[in-house]
Structure formats: structure tokens, C-alpha cells
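Colleague: Residues per chain, in single letters:
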Amino acid sequence: MIAPQLCVTALSKAFGGVLAVDQVSFDLEAGKVNSIIGPNGAGKTTLLNLLTGIYAPSAGRVDFEGAEVTGLAPHRLAARGMARTFQNLQIFFNMSALENVMVGRHLRERTGWFAALLRSPGLRAGERESRDEAAALMRFVGLDAFLDAQADAMPYGALKRLEIARALGGRPKLLLLDEPAAGLNPTETQAIDALILRLAQSGVTVVLVEHNMRLVMGVSDHIVVLDYGRKLCEGTADEVRNDPRVIEAYLGSTEAA
Amino acid sequence: MDWRAPRTGGLALLAAVILVLPFALINNYWYEVAILIGINAIVCVGLNLLIGYAGQISLGHAGFFGLGAYGSAILTARYGWPPAAALAATTGGVALLALVVGRPILKLKGHYLAMATLGMGIIISIVVVTEDRLTGGPDGMSVPAFTLFGLGLAGERTWYWVTGGALLAAVWLALNLVDSPAGRALRALHGSEIGAQVSGIDPTRAKVGIFVISAVFASIAGSMTAHYSGFITPGKVGFFHSIELVTMVVFGGMASTFGAVIGAATLTLLPQLLTALKEYEMVVFGAVMIATMVFLPRGFLPSLMSELKKRRK
Amino acid sequence: MNAQLAQFLLSGLTIGAIYALVALGFAIIYNASHVINFAQGEFVMIGGMATVAFAGAGLPLALAIPAAVLGAVAVGLALEKFAVEPARGASVVTLIIITIGASILLRGLATLVWDKKLHALQPFSGNQPIELAGATILPQSLWVLGVSLAVLLLLGLFFSRTLTGKAMLATSHNPLAAQLCGINVRFVLLLSFGLSAALGAIAGILIAPITLTSWDVGVMLGLKGFAAAILGGLGSGAGAVVGGLALGIVESLGAGYLSSAYKDAIAFVIILAVLFFMPSGLFGKKSAERV
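Residue numbers (this note's numbering), protein chains in the order written: chain W, 11 to 267; chain A, 9 to 321; chain D, 843 to 1133.
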């Protein structure tokens, strides 16, 4: 039995009097596709923000690859191999698409000030490498048509994939996707579906927060269900689909997924 | 918004302008104006990295300029240091100050950041005026000429070439920085601080770094002014000069190194052209500031470039 | 009480009351529009200079003062209409530059309309110093404190009892909701600039007999009023008043006991200290960022 890659223990987050995340615990194995689902307001995005350092937890702990990472700032978590995308796009609209993806590689680039000011040969070589890799990532997510585009000229669906390409730039071990299919039409959703499977095959651990049940049931190895900030249950797609508590909480409603 | 002129093209054009300009400078007065433009442009290029690319704000950069000027002045005039050593020590000192002060200041954002830099700049100018035994107070102090290995740099023509060369170097460094991982990190912070953070960028380290770099540009420009003019007064250290610098950057076009140069040139020339209307200088300057921000919020050069792009289609 | 301490406290309170009025002006405009009006100090200048001009032209003080205040209000309204409103929704940097540009423009106009000399305004009720707790206080200082207090009480009544005042408060809390309730937000904005201009002008008129007035007297007063507003918590009216008084007293004590040369620096050191250690000031609200 391999040790889990991500251990979340009794994680809680209170905003004033509201307990958005309440004593949530679960373990995730490396290389699997995990989904976090739940009705609106269940605390999914808050949980994601806690895991990626955007919020500091009120209680509980998070361990990643055996080391405690509770409360670390987002850039430090990135250094440990965590990457994420956002429900509300955090694209750099003041840069080109390629540059957006290159920023994802930041931790693997030469980031020194002097090398930058003087444009050393090492830096120039690094820039070429960065551009090539960024272009390759854009092709991997299916953005061949936008290699020369400016970010502010790209359609919404492409931008969602751009954010994923950026997140992949750092060669993350754990990739957290916050509603990657939100706002996409069925064709685009299928493309994301296929992309997530490709990602899983490449060995990246994926954590998916999603509303789209067809997508979730189709790609997930492991699902955690939240309701009112608490973990309702977890398990495989079949286990979760048939759990009466989950059905009662929200699958029973006419979720046109 | 990618209307930047190709790097080498723009740099070559600037070099050409600098080489050819002396034919239009008919007397010492206009050389002086050209040198002043060059000095302001060096500060603005650095300040633009902070304001335009990194998306921060500083209403106190005249403070760094003044520290550069007074540092060189005091070390050479009062303590007899060789000017080159004084320049190095002053620049290092200002860099250190910017590093120390920058950390807490750059954790602030928006209006609060503006006010903190304002406070910093004004404190520096008050210290300069008050410590009159060292600085000569409101009347200023004289500064010996810059000498290197016994050779003196003096006179309008010499300083024109020195300033021109320094400006080219400053622009080259800035262009390099923008197109580098460190530069992209700054632009990413401006685009979306959270997006930058999750990509591994440490916002404080990046912001403090560019703050220090822009302070160094300002400090060196200040030291140059002190030696060129042979005299330095507190006027250049104050709030009004800080505002002038920010206006030059914003007018020229944020996130544009060449825009910063054009902004510096335009707003340095403006008061010179208005000397006939000396009394109206403040009114015109204030009106220009308001009008630019209301009608050309992205600045002169970017607006011009998008107009040209639109016409081309 | 030690006579010297009493002296410092009294003069600190006097100038503190002025800072409080200026800071209130900042707070009112900031609340209505999230704009920091760097031209606030110019209203102070206009108040003093216009009164001097009107009095010099033969008007009795009782007429010169309201005329000057009205003049300042007109300038405030013009500022909002022609400089701030066209740039609604612009970035922080843009708005800062606009109001700084306006302050430069107004100072330039002041040198054209009037001149660059220092001017004295006659004290409202004579110059005989009054003895109080071992210290001497000018009658003008009593005017400053008295009128400031009256202004504060009136403002308090305005915001809590009148419909317009409540509308302004509502707008400062949530402009969209206020609009949906039928409040004319653009009118509230104009009103806030007019009101702040009046406050600044009154402050300028009150202090002119003590400290003289000139075309650039607004720069430092404006910046210090702003320091007081930050100290009290940007956007809080009570904070502006407490911040103003506190700043005046600290400045006076600092100049008296520590170093009079660095008196002006005190306000800015306070700005930095507040921003580093408690950015929301004494009374401001701490805001959480939602992602």
C-alpha cells in the first residue's frame, strides 16, 4: 500500500461566523484523478483555496508527499509541485498566450535580476527553451491555432485551456482544476474530458472540482462529496453514485448533466 | 496590446536620434535642455518598469534621485572622495535603502502604496532641507566636477554624450529585463497577482527587486545631475518632482520603455517652451495632466500606436 | 498642569481641529467615490485667499467669508464635473494623477488670480491673548475650536437626520444598492465634493488669521489632513476627527519636546507607521479579499 500523496486532516475554515469548510479529511493517491463534488455553497472552492494556500486554514493540517504544508503561501506550494487553475480565470491579459504559458515555467527558469538585465547567453538559451516548451504545452492542450495570439484576443474556451497549459508549465505533481468545464459547450467539455484523461495518463495527480456530473463520473478514480462544508462521503464513482446520502443531497434533483 | 517596436529597431532609432540631434542644438541652452531630457528619461525608464510593467506606484521617486545627487555631492565636496567611488557608494547606499524600505512598503497596494511612497519621498526631502550643515539646506550646495583617472567631465557637449550613452544603456537594460523570466514575472503580477503566485512567483521579492532597480536608475541619474550642474538644490528632491516623473511615465505610456523616453522628452520640453508664458506654466502643466488621463488614459505612445494600427487596417 | 505642556496641547488642539476638518473632507469624498482627492488642500487655500481678496475689496468679513466658501464650493463642483466624472472607473494611478493635476492647476490659477505673496487675514475678534491653565491662547484659536465643533455637530445631524445625508451614507456603503433604491449617485458625488470643498474652505478661513495664507498653503495642509484621515482610518468620519486632533497634538508635542526642525516630518512618519502596522487605521474596517 503506497503512502498517499496528499493527506488532508480535519481541515476547517471559518469566515466570521460562517464555517465554510468543517473538519474535512481525506487522502489522495498519486497519479489518480480525484473529484470534489457537492451542491453550490458546499465549500468546494474554499477547500481548493485552502489546499493551494490562498486562504489560511482556521484549523486542521495538510501534508503533501510526507511533509506538512499547512498554511504555506501559494508560491511555496507551487515550488513543491502543486499547480491550479481558477473558476474565474486568472489569465494575464496584458501578455501573449505563449508568455502566459511561459510564466507557468517560472520556477524552472533563470529568474535572477542581473542575468535578466544583461541578457546573458545562458538567459537567451533559457528563453529559447522556454518558448519551445510553452509551445509544446499549448499543442498538448489543443491550442495550436493560438500560438501567436494575444491572451486578450482569445475566446473563453481557449482561455480555460490556456490556464491548464500554464499550470502544466511547472511540471506539477498535483494539478487542481477549479471547474474547468464551467461555461463550456458540450463539444468543448468533451475536449476537456479528453485532456484530463491525457493528463492522468502522464502521471499527474488531478484534483477536479466540478459540477458537470457526466464529466466527473466519466474520468474520476476517486470522488469526495461535500455538503455544507462537511465531507458527506467518498469512494469510486459507482460507490458515490449509489450512496443514499449523496442521492439525497443533490444527485436526486433534476441535475441535467 | 503588443505594439512594442522590435527591440533592436527602437534602440537603433534612439541611438540615431542621439547621434543626429546635436545638429539641431544651436547653443548651450539647448544642449542643457537635451541633457535634462536625457536625465529625466533615465529616471522614467526605471520608474516605468515599476509603474507600467509591474503595476505598482511610487509618488516618492524624486527622493531616490535626490539621494543620488546629494550622496555624490556630499561625499565629493565635503569628504573629498573621488567621484567614481562616491558614485558607487551612493548607488549602493540607495539600493540598500530601497531594499530595506521596499519590503514593508510593497506589501501595500493601491492608494496605500501611493501614500507610503509619498511619505517616504517627503521624509527624504525634509531631511535634506533640514540637515543644512551637510546639504547646504534650502540654498543647496556646490558639487565638484566628475573626474575619472584625472580626466574631468565638464561642459555641455561632453555631458551630452555621457547622458546619451547612459540613456542608451538604461533603455537596453530595461528592454532586456522586460523580455526575461524576471520581467515576465513582474508583468504577470500586474496581470493577475493570484495567477502569478500560483505559478511560483513570490510577489514581495519581485516587487522589491524592481523597486530597487528603479531606485538605482533614479540615483545614478541624480549623481549625474549633481556633477553636471556643479550645484544641487532641494527642489529636485521634493514632492512636485516626484509627481512630474510619474506624469512623464504615464503620459508617455505605461508598459512602454520608449514611451517613458518620449514622456520625459515631452514634459521636459513643455516648461521650456512655456518660458514665455512663465506664469501660465502651472496651469498648463496641471491641465495637461488632467487632459491626458481623461482622454488618453493609456498614455500618448500606446494611443498613437493603436491609432496607427487602426488606420493600417 | 505644566504651563509649557498646556501651551503645546492647546496649540496642538487648534491645528488639530484644522487637520480634522481637512481629513473629514477627504473622508467624505473617499466614501462617495473611492477617490483620494489630492486637491483637498487647495480648497483650504481658496477659502483663506478668497476671503482676503473679498475683504480687501471692501466687503465686511461677515460677507467675505460666505462668499469665499461659496467660491470654494463652486470650484469643488467644477472639479468633480470636469476632472473626476469623465474618468469614472479609471485605475488608481490615473485618478491620483488627475487630482494632483487639478491641485497644480488650481495653484497656478491662484497665482494668476491673486499673487505669490503671503497674506494676513484679520482675526475675527481681535488679538488679545487669553490666559488658560497657565498658557496663553489667541481668541482666534477659540474660534477655530468653536466653529469646528459646531461644524462637526451640524455634519453629524446632517448624516443621521436628513434624507440627503442618509442617502450619502448609503451610497458610501453600496453604490449599486443605493442606485437601485432610487438614490441619484451622481448627485451624491457632486454633493460630496461640494461639502468637502466647504469644509476645506472653512478650515482655511479659520486658520488664516493665525498662520497667514498664500497660494501654496494648501499643499502641506492637504497632505497632513490626509495623514490624519489615514491615521483615523480612511473613510471613517469619526476617525478623521480623532486622527486630526491626534496628529495636531503629536505634532505640537514633538516639535516642542523633540525637534522643531522636523515638525513637518512627523505627519509623514505617522503615515508610514500606520500603513506598516495598522493600515486600516484607528477606526477603519479591515476588509477580507474574496477570490
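These are computed hints drawn from the structure, not numbers from a lab. C-beta: ideal position from N, C-alpha, C; glycine also. Incorrect hints may have been included.
[Claimed, not checked] Cut-off 30 Å, straight-line C-alpha distance, at most; resulting in silico cross-link-like pairs (BS3-like, lysine-lysine):
1) K1105/D x K115/A
2) K286/A x K1008/D
3) K958/D x K1105/D
4) K117/A x K1105/D
5) K1105/D x K1008/D
6) K1105/D x K923/D
7) K923/D x K117/A
8) K923/D x K958/D
9) K183/W x K42/W
10) K958/D x K286/A
11) K923/D x K286/A
[Unchecked claim] From the derived model, a few chain A residues whose C-beta atoms are all more than 12 Å from chain W:
12) A23
13) Y37
14) R192
15) T241
16) L278
17) P305
Colleague: The structure should be examined with respect to each hint, and the outcome stated for every one.
Modeller: Going through the hints against the structure:
1. K1105/D x K115/A: 28 Å, holds
2. K286/A x K1008/D: 47 Å, violated
3. K958/D x K1105/D: 24 Å, holds
4. K117/A x K1105/D: Since the Cα atoms of K117/A and K1105/D sit roughly 28 Å apart, the hinted pair holds (cutoff 30 Å).
5. K1105/D x K1008/D: 39 Å, violated
6. K1105/D x K923/D: 37 Å, violated
7. K923/D x K117/A: 27 Å, holds
8. K923/D x K958/D: Holds, because 28 Å separates the two Cα atoms, which is no more than 30 Å.
9. K183/W x K42/W: Answer holds: K183/W to K42/W is near 11 Å, not above 30 Å.
10. K958/D x K286/A: 13 Å, holds
11. K923/D x K286/A: 28 Å, holds
12. A23: Nearest chain W Cβ is 17 Å from A23/A, so the label holds.
13. Y37: 35 Å, holds
14. R192: Not fine: 5 Å to the nearest Cβ puts R192/A too close to chain W.
15. T241: Given a closest Cβ separation of 32 Å, the condition holds.
16. L278: The claim holds: L278/A sits with its nearest Cβ about 29 Å from chain W, beyond 12 Å.
17. P305: 15 Å, holds
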